[in-house]
Amino acid sequence: MAEITKSYEPRDVEKKWYAAWTDRRAFAGRRGDGKEPYAIVIPPPNVTGVLTMGHVLNNALQDILVRRARLEGKSALWIPGTDHAGIATQTVVERELRKAKVHRRDLGRERFLEKVWAWRKEKGDIILEQLRRLGASCDWDRTHFTMDPEYSRAVLKAFVELFRDGHIYRGKRMVNWCPASQTALSDEEVIMKPANGLLYKVRYERTDRPGVFLEVATTRPETIPGDVALAVHPEDPRYADAIGKTVWRPLNRAPIPVVADAAVDREFGSGALKITPAHDKVDFEVGRRHNLPVIDVLNADGTLNELAGPGLAGLDRFAGRKKAAELLREAGALAGEEAYQNNVGYSERADVPIEPRLTWQWWLKYPCLDEAKQAVEGGAIKFYPERWSKVYLHWLNNIQDWCISRQLWWGHRIPVWYRKGLDRERLTEADLADPAKVHVSLEGPPDPANWEQEDDVLDTWASSWLWPLATLGWPEKAAMEKADFDFFYPTTTLVTGPDIIFFWVARMIMAGLRFARPGEPLERRIPFRHVYFTGIIRDAQGRKMSKSLGNSPDPLDLIAKYGADGLRLGIVSIAPQGQDIRFQEDRIEGGKNFCNKLWNACRFRQMSGPAGDNSSLAAILGRLEPEKFDDDDEAILAKLVQLDSDLASSFSRFEFSDACQRLYGFFWNDFCDWYVEVSKSKLQAEGTRANCLAIQDLVLRQALLLLHPFIPFVTEELWQLLGYAPGGEIIEECRLPFAAELRARLGRPFKADAVEAVLRLQQFVSQARALKAEHNLASKRVRLLVTGDEPGWAAVQANLAKLARLAGAEEILRRDQVEGAPAVVTPLGTLHLDLASAVDAAAEKQRLAKEIEKLAHHIAATEARLGNPAFTGKAPPAVIAGARQQLAEQQAKLAELERLRAALK
RNA sequence: GGACCCUUAGCUCAGUUGGUUAGAGCGUUUCCUUGACAUGGAAAAGGUCGCUGGUUCGAGUCCAGUAGGGUCCACCA
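Just so you know, the first sequence maps onto residues 161 to 1065 in our numbering.
For the record, the hints were derived by calculation from the structure and aren't laboratory data.
One or more of the hints may lead you astray.
[What the hints assert, rightly or not] Cβ-Cβ distance ranges computed for the label pairs, FRET-style:
1. R171 with H1018: 48 to 58 Å
2. D1000 with E970: 15 to 25 Å
3. H263 with Q701: 32 to 42 Å
[Stated by the list, open to error] List of simulated lysine-lysine pairs, DSS-like, C-alpha gap at most 27 Å:
4. K353 with K550
5. K757 with K175
6. K483 with K441
7. K637 with K283
8. K940 with K1010
9. K911 with K788
10. K195 with K721
11. K234 with K642
12. K261 with K275
13. K176 with K757
14. K721 with K704
15. K317 with K175
16. K259 with K283
17. K317 with K525
18. K637 with K234
19. K940 with K962
20. K962 with K911
21. K757 with K166
22. K317 with K721
23. K259 with K275
24. K962 with K840
25. K542 with K195
26. K962 with K1014
Fair warning: this is a prediction, and the values are worked out from it, not measured in the lab.
For every residue, glycine included, the Cβ atom is placed at its ideal position computed from N, Cα and C.
Throw the hints in and build the complete structure from the sequences for me.
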């Protein structure tokens, strides 16, 4: 067995074990006989993305869950993969091409796609490599990509089925248009941002009454050439006489009607509204109600077209805005302008203001809406934290049809073919339903020469919403069998961010309900049972991490500095449930330090002698000598069993940071700070040595198992170095449960008050140290004198060697009485420093007085409580008894402190 | 406008169904290389739990209101 070095060096260990794990195919998810399935699908990162801190948190948590499931003996499967990320990827490639002064249209669709595939080959899947560095135990043989042929088939199959259901239709409607990417966007891809602009007051002159004006406020004067009417509220007396009349449109001068519409807010501005149906959603509706024409003055790229008129045509919309204001001013139509803040919709990806634009698009009426609500309301799918279900339900209750077509090339091309010669701008519903004119299928028309395929591709989310289905082989029967769809679906847990509840989570639920196991109960069709929402990682100032701010550390740098385990433990330990996370590097350092602590505790064990072949669970249990257990032995095992069940409870509630804290506290405080220290005495005595080593082995072995999901590399290394795998197994081939076997081995319950007894010993030691520190003797070996009752002294005597060692005493002696020495009152008696002569009596008196005062204060409070008949009358007996006991203890301690003070000269 | 979350030690956060003297990590101060670990050990200082009421024998915890911070949804030109 190799010797454990002085400190843990992660680099080589991580490399070695990741290779070993994959060589053994340790992460392969297989149907296990009689085993419970446990499946997670990774939220697929963008194929050309790189690892961020958000990924680290998210994937560390998934890995923890999957590894724990394996240790629990489940058939665990974690499916990895990447998303083609339509707009994001296409934009990146286009930007690259632009460097060479090439536009995608210069290349044409096919050659452009070749470029994207080349890019994907070059830059793709880096993130999957990075996940391996983190230790992610994905089943890599099952890696999927949303543009793979099989996956694409699933996407198109879903489209065709939904089309045949009547859930998909083509319609000319107002969409969110991104002038930068030049595609439609779904509502979810639009982000409202406050913008500082100007509110222009524009005068429209009555055609029938020259010199009389209607004033309108607008933030977008460049759209005035697209005005087709003014609208006022039907009951607004100020404008009653204008309704039905016409006014002059001040740019591209033409008469336009004044209409009455209840959509107008009388309170806002002048109470009159300009109607520009081509460039505003509300206006479009108004226009429709009044049969008004639509004048679109913008090009797809956001520049003004010839309909905007000379002077504006050709300008970008923002330049056009300024120019329009100028033109209005020259024409005397500008009554004023003021600074104004309003909300403007921005394209999530391109970060430019979107334009409402009237275009032909493909829309999806969401399937299985009611069931999607019911799944979460009824608890078939549980959200953690639960409150996100409210957000989810609110969205479902206000849902709008989903614009699923994108005017991009990188994506799944919509499986619709139009008969050649058909005017797509004028297709009616009847045409769409006519297979002679429009063909919809996976295979395409049998006579392709007569047809033209739809140019648009599908929204990326219209492929990733099938992720849990398609990664398990849907819809092909053979593929589903191969992937064990039947065994692993529904998956167990989804770990993701709340920012994609609408984009992804809700849509996956609907897709699952619609496509999985038709006809079967809801519980069998949902894609997952638990959804754990992580917090969003922010920097120390609370800002979102972003490339442009440069406040996002590179996880790989952190791995280099602190090890993958340190990074994982650090980040998970600060991830409270449902709260955003402020990233602090010192927590990562803490993770690393813990790994080193673990390393050294194991090193200490190794230095105490090899366990040899006696290191399996059964062998260790066999080496225990329960008849020799003292309170420390009992207590550490009782705490280990408690930890085990506490962790199970933390896991069941997805309280990861809580689990970290329990592991940390047990291992560092209970085991290292106390048990290992008392071991140093036990190991010296032949009578206690073997049992102590067995207990250390049991604790270390179990601690490694419990810690392994969090810090897989260092635990695997130590597992091997300490020889806990006599058959050469890797740690995940071993099993977590131990408590039942331990109980069976003991054949009796743990000693009831052992934990309390140890607490008293700890207080004795701690107070002795404090007393020494108080008198500047912390590093000196001193003689301690104990006065007090017999049971206390018996406990001291029974643990004499340990206590002397931990308190730093050369000896601890019983005395009937000690006069004038500095002292503290401990649960095991009053402890005196044997130093009477050297002590400053006045200072010591002052110290005691302070302590007495504090205690007296508490006694008064307790007495008051017990003296209150309302309390004694109404509080539960246990609480009253507790208070009485407390009072008695406090009073006894007070008396002792008073005595000590009086004894000082 | 609607919904949700947060406010506890210098900092970041725990505090389960109300019940002893409110905890942890980091930071700070002092001391210590004692047979694993200075990536360590010991001790200490530090909080009237945002504010105001209420319920209760008892409130950090429950209720109402209020201030500040944040997130999401909707959006008036």
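Outcome of the hint check:
1. Taking 48 to 58 Å as the suggested C-beta distance range, the pair R171 and H1018 conforms, at roughly 53 Å.
2. Our hint of 15 to 25 Å for D1000 and E970 holds, since their Cβ atoms are close to 23 Å apart.
3. Checked against the hint of 32 to 42 Å, the C-beta distance between H263 and Q701 comes to roughly 40 Å, which is consistent with it.
4. For the proposed pair K353 and K550, the alpha carbon gap of about 24 Å is at most 27 Å, so the pair holds.
5. With a C-alpha separation of about 21 Å, the suggested pair K757 and K175 falls inside the 27 Å cut-off, and the hint holds.
6. As the CA atoms of K483 and K441 are separated by approximately 24 Å, the hinted pair is consistent with the 27 Å bound.
7. Restraint check for K637 and K283: the C-alpha separation of about 33 Å exceeds 27 Å, so the hint is violated.
8. Between the alpha carbons of K940 and K1010 the distance comes to roughly 26 Å, so the proposed pair stays at or under 27 Å and holds.
9. Restraint check: the Cα-Cα separation between K911 and K788 comes to about 12 Å, which is no more than 27 Å; the hinted pair holds.
10. Proposed proximity of K195 and K721 is contradicted: the alpha carbons are some 39 Å apart, above 27 Å.
11. Restraint check: the Cα-Cα separation between K234 and K642 comes to about 19 Å, which is no more than 27 Å; the hinted pair holds.
12. Proposed proximity of K261 and K275 is supported: the alpha carbons are some 15 Å apart, at most 27 Å.
13. Restraint check for K176 and K757: satisfied, since their Cα atoms lie roughly 21 Å apart, inside the 27 Å limit.
14. Our distance criterion of 27 Å between C-alpha atoms is met by K721 and K704, whose separation comes to about 23 Å.
15. A hinted pair counts as satisfied when its Cα atoms are at most 27 Å apart, and K317 with K175 does not qualify at roughly 42 Å.
16. Restraint check for K259 and K283: the C-alpha separation of about 17 Å stays at or below 27 Å, so the hint holds.
17. Annotation: proposed proximity of K317 to K525 holds, straight-line Cα distance about 16 Å (limit 27 Å).
18. The suggested pairing of K637 with K234 holds, with an alpha-carbon distance near 25 Å, which does not exceed 27 Å.
19. For a cut-off of 27 Å, the pair hint linking K940 to K962 stands: about 17 Å separates their Cα positions.
20. Proposed proximity of K962 and K911 is supported: the alpha carbons are some 20 Å apart, at most 27 Å.
21. Taking the CA atoms of K757 and K166, the gap is near 11 Å; set against the 27 Å cutoff, the hint holds.
22. Between the alpha carbons of K317 and K721 the distance comes to roughly 47 Å, so the proposed pair goes past 27 Å and is violated.
23. With a C-alpha separation of about 14 Å, the suggested pair K259 and K275 falls inside the 27 Å cut-off, and the hint holds.
24. Between K962 and K840 the alpha-carbon distance is near 8 Å, which keeps this suggested pair within the 27 Å criterion.
25. For a cut-off of 27 Å, the pair hint linking K542 to K195 stands: about 23 Å separates their Cα positions.
26. Note on K962 and K1014: the hinted pairing is violated, with a Cα-Cα distance of about 31 Å set against a maximum of 27 Å.
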